[in-house]
Amino acid sequence: MGASVGNAIGFEKGNIGHTGSKAVGVIGDSTFLHGGIQGLIDMVYTNSSATLLIADNSTTGMTGQQENPSTGKTVSGEPAPSVDLVKLVKSIGVKFVREVDPYDMKRFRKTLRDAIKHPGPSVVIGKHACLMIREERRKHADRVPIHFEAEDCNLCKQCYELGCPATDWSDETGPIIDELQCVGCEMCAELCKPGALYGPVAAE
Amino acid sequence: MAGVGGQGTLVASETLALAVLAAGLKAKQSEVHGVAQRGGSVVSHVRFGEHVYSPLIRCGEVDVLYASERLEALRYAHYLKSGGAVVMDNRAIKPIQMPGVAETPYPDDVAAFLRDKGYEVRVVPAIDAALELGDKRCANVVLLGALADLLPLPEESWQVALKRRFPEKILDLNIRAFAQGRRFAAEATTG
Numbered sequence: 053m054g055a056s057v058g059n060a061i062g063f064e065k066g067n068i069g070h071t072g073s074k075a076v077g078v079i080g081d082s083t084f085l086h087g088g089i090q091g092l093i094d095m096v097y098t099n100s101s102a103t104l105l106i107a108d109n110s111t112t113g114m115t116g117q118q119e120n121p122s123t124g125k126t127v128s129g130e131p132a133p134s135v136d137l138v139k140l141v142k143s144i145g146v147k148f149v150r151e152v153d154p155y156d157m158k159r160f161r162k163t164l165r166d167a168i169k170h171p172g173p174s175v176v177i178g179k180h181a182c183l184m185i186r187e188e189r190r191k192h193a194d195r196v197p198i199h200f201e202a203e204d205c206n207l208c209k210q211c212y213e214l215g216c217p218a219t220d221w222s223d224e225t226g227p228i229i230d231e232l233q234c235v236g237c238e239m240c241a242e243l244c245k246p247g248a249l250y251g252p253v254a255a256e
Numbered sequence: 005m006a007g008v009g010g011q012g013t014l015v016a017s018e019t020l021a022l023a024v025l026a027a028g029l030k031a032k033q034s035e036v037h038g039v040a041q042r043g044g045s046v047v048s049h050v051r052f053g054e055h056v057y058s059p060l061i062r063c064g065e066v067d068v069l070y071a072s073e074r075l076e077a078l079r080y081a082h083y084l085k086s087g088g089a090v091v092m093d094n095r096a097i098k099p100i101q102m103p104g105v106a107e108t109p110y111p112d113d114v115a116a117f118l119r120d121k122g123y124e125v126r127v128v129p130a131i132d133a134a135l136e137l138g139d140k141r142c143a144n145v146v147l148l149g150a151l152a153d154l155l156p157l158p159e160e161s162w163q164v165a166l167k168r169r170f171p172e173k174i175l176d177l178n179i180r181a182f183a184q185g186r187r188f189a190a191e192a193t194t195g
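Respectively, the protein sequence lines represent chains W and F. For the first sequence, my numbering begins at 53 and goes up steadily by one. For the second sequence, my numbering begins at 5 and goes up steadily by one.
Fair warning: there could be bad hints in the mix.
As the list claims (entries may be wrong) - No farther apart than 30 Å at their CA atoms in a straight line, the calculated lysine-lysine pairs in the DSS-like style are these:
1. K125(W) / K173(F)
2. K158(W) / K147(W)
3. K191(W) / K173(F)
4. K140(F) / K191(W)
Claimed, not checked - Okay, the calculated beta carbon distance ranges per label pair:
5. P246(W) / P59(F): 49 to 55 Å
6. S58(F) / H199(W): 48 to 54 Å
7. N99(W) / K85(F): 58 to 64 Å
8. A96(F) / K65(W): 39 to 45 Å
9. G129(W) / P59(F): 26 to 32 Å
10. H86(W) / A183(F): 40 to 46 Å
11. D139(F) / T115(W): 51 to 57 Å
12. S58(F) / Q90(W): 36 to 42 Å
13. R195(W) / E124(F): 39 to 45 Å
14. I174(F) / D136(W): 35 to 41 Å
Because the hints were derived from the structure by calculation, they are not lab data. Glycine included, every Cβ here is placed at the ideal spot set by N, Cα and C.
In isolation and in its complexed conformation, chain F is listed as follows (with noise of 0.2 Å):
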């Protein structure tokens, strides 16, 4: 799971890792964070089933990529296994580059990119229904709740998941963030 520091990466991460538990199935969840405050990057891993050994993945294993920003998605792309799938925002936030010096452009078309790679891209605007809902931090429950649609665990284990992670006065919140994204992936498949 990629994202720019603030996006609520390791949120959504712990938010599932919390899910997978309450399915009753062992989870290793693992961060990376401490150069990300505000602009850098931010991935996590998160591992589960009947048994789990190792919290990291290996490039080239990853079934799911969630990434809520364009630039994090092709950046851990590697990672996936041959065919995986890519749950993304398309948003970018563009790294700040040092005035004067020749600068790198940012990449337009990574979900076309990555689709000629053979994966199976789901371009979500999550940040776009955050905004509907009334809170841009919501947007990377909006982009789990598409991310659900893929993994096996069923819609309560994800309920008691949100309700663990939220306090009282954002859990509604997130709980629509959540139903939204879901509607996303249903829309996207059935579409």
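Chain W on its own, in the form it takes in the complex (with noise of 0.2 Å):
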């Protein structure tokens, strides 16, 4: 709820000399605009080579889905004003700033590679909105779980490494996918080299 940003700077002050690793902080939109900010601020003053990952899914997700200042929408629902992130990242003072889609996971996992090369401040915001939020419900109401064939599975485990919730790991078999929570997203299948976890366009 901000204290990421805070944290980072100290991660990345305290390594100087020591380890040399880098520092990447995540917050998600609602929290950053909640607290967040002044970090960021401290983040730029201070010459910190952190990076601050935004994961903006247009929604609180913690704690029920509330709208705030950056999805366009009062807490009834109403229209609102919305914040322009990558404005006010630039306006503070940042220079690298990039707003990409995480679900086109090539160019956001460059993207953040690049960030966290980056000599200075570097922000990334991924920008996607939260699946579970009512109007991406309805706009994908037609998807279905994914299909996993385990005789095409080479066991690399990239799906599992994904961190789904809907799925299991089995050294024998591969992934086990819990239909009851898979969203059909087809995040994993576009991992899977071999093609064994498809969607139904792949499947046809």
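Can you join these two chains into the complex? Each is in its own frame, and there are hints to help.
If you want it as structure tokens, here you go:
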């Protein structure tokens, strides 16, 4: 709720001359506006090389998907002005600012690596509406759980390392998909080189 | 009342509190939900009677534990009084594990383990029933129907509570889910 920004600066400053490892802070769109801005000002002011990843899912997920000043709606769903996070971050003085769709995994990962390599403060805004909010669920109402063909699986574990709540793992058979939790977003299928995981379009 | 975030544990808890009020008794309900969105542990305490002072139940004083998930039943079982009752679904929702780190095995026979401890354990196939009813989301109310069998609240107060808690378009589903839960409890005690 704001702490991660200051923590990232602290880790970075504390590591100078020690492990030399990079510091990355992660925060949501809502909590960034709630308490992360101060820390980001400090990140620029102290020229920290830390990276801040703002996970912008257009909602306040943790407490039950409430609106916030970046979503364009009031708590009761009425239209409201929304803060432009890119402009805000730039106005604080961050030079390296990128907004990427995290579902474009290749591009997202590359952007994150570039941000971490960047010598000064850097911000990556991962922007994609949460799949659980009403409008998104309606938009994707026709999605079905992912298919898994065990005989094509090479046990590389890329799908499991995605960290999806619907994916469990067996060292013998590979991923175990909980169909009650799978929302059919097909991110694991995208990562699956042998094509053992696939969505309905690929199935056809 | 315990479950995993997203299972509707808190909706079930609210419905119970509403049923208590409809029955003319006092109720206090508290909940922990902040970190529970999609996958975290959710727990709610409900205390009811002629007079209720504190909303929180001390460890070892819970009469009935409602648990919509296997691990959550185990996690909160220590709150039960000696010989207390558990109404649970044996469904397992495995927590996300950190890949590459030695993983904690998910517990197997929780119901048997709890019975060995002297608790009265009723396993209800709530999620299966919900899927048969056509919507996985009403599993919480199926379990609530089974829980109702152990509580001294008249059926009318439950019906009032369901009507207050659920909007028109899903009320019928939940009334049927509740009735199914009641049937499971009746079968278990007579079977």
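Results for each hint:
no.: 1; hint: K125(W) / K173(F); result: 26 Å, holds
no.: 2; hint: K158(W) / K147(W); result: 23 Å, holds
no.: 3; hint: K191(W) / K173(F); result: 20 Å, holds
no.: 4; hint: K140(F) / K191(W); result: 20 Å, holds
no.: 5; hint: P246(W) / P59(F): 49 to 55 Å; result: 53 Å, holds
no.: 6; hint: S58(F) / H199(W): 48 to 54 Å; result: 51 Å, holds
no.: 7; hint: N99(W) / K85(F): 58 to 64 Å; result: 59 Å, holds
no.: 8; hint: A96(F) / K65(W): 39 to 45 Å; result: 44 Å, holds
no.: 9; hint: G129(W) / P59(F): 26 to 32 Å; result: 30 Å, holds
no.: 10; hint: H86(W) / A183(F): 40 to 46 Å; result: 44 Å, holds
no.: 11; hint: D139(F) / T115(W): 51 to 57 Å; result: 25 Å, violated
no.: 12; hint: S58(F) / Q90(W): 36 to 42 Å; result: 38 Å, holds
no.: 13; hint: R195(W) / E124(F): 39 to 45 Å; result: 41 Å, holds
no.: 14; hint: I174(F) / D136(W): 35 to 41 Å; result: 38 Å, holds
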